[in-house]
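K.L.:
Protein chains in written order, with this note's numbering: chain V, 219 to 347; chain L, 12 to 157.
Zero decoy hints are in this set.
Within a straight-line C-alpha distance of at most 20 Å, the following computed EDC-like cross-link-like pairs (lysine to aspartate or glutamate) qualify:
no., chain 1, residue 1, chain 2, residue 2
1, L, K38, V, E296
2, L, K38, V, D294
3, L, K38, L, E103
Simulated from the structure, these hints should not be mistaken for laboratory data.
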Amino acid sequence: MSTLAASPAYDAAARRRAILLVCCCTISGAAAQLLMKIGMTHFVPNLWAIVTNLSLMAGYVLYGMNTLLLIVALRDGELSMLYPIIALTYVWVTILSYTLLREPPNAFKNIGIAAIVLGVAVLGRNGKK
Amino acid sequence: MNSTLTVSMLLVLAASVVGSFGAAFLKLGSARVNRNPLSFINRYLALGVGLYLGSSVFYALGIRGGQLSILYPMVSLGYIWTMLWARIFFKESFTRQKIAGLSLILLGVVLVGMGAKVIHSIRVHPWPNEAFQPPDRARCTGPNLA
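Can you make the complete structure from the sequences, with help from the hints?
P.N.:
Structure follows, in structure tokens:
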């Protein structure tokens, strides 16, 4: 679909940019999840309270920006390259949950996350450019 | 498993289904976009964006009542629904690779869910004697965000 990918000008630099962008997206995406979770722990069903819930709103804004950046990156890069990197978000969220939220780690969670990351990577291999 | 966690899991599950419908409508809508910028305003794209926003509300309510390390991985179920709609509505075929990937994701989500049932050993206070308490007790109490 992308004319950029079809043109000879599409080179390694564009691909590297897409990969770097997606890497940043996984980190900011995980941060957004954490902010949303922290915001929702003091959730009150009141519009003003929701709008002034700073961590919740920051989480939502970060999540929205992240989605837009991912769309840009996916347009320029190969899916098979980018999908496994996107799946790293699951790893970062789990590590942040363990460390910052002090959720108890266990083998089921760790092996489960590994299976999900592998599964997303396999799905990406299916995709064309 | 306690009922709060079950409700949370159902909310995140609902979010993944609603979000996958959002993706399907975005796909339908993007097919109608042409060089005219006004073509971005079509009912399918609007519905797709609306469903995405709706799914994030379900998701936010879902993560309130449980561990993020259990509930966030459930978002990956969205891949399964999306592939299902792609098969039903866009006649995209199921390849062996897709089935392998989806099976791994499903296995992972089940394993992570089993992680919620693990009972973690209760930490015995290492200083039963009041006289030998560590000087900075504040360090021992962290924010309980679970």
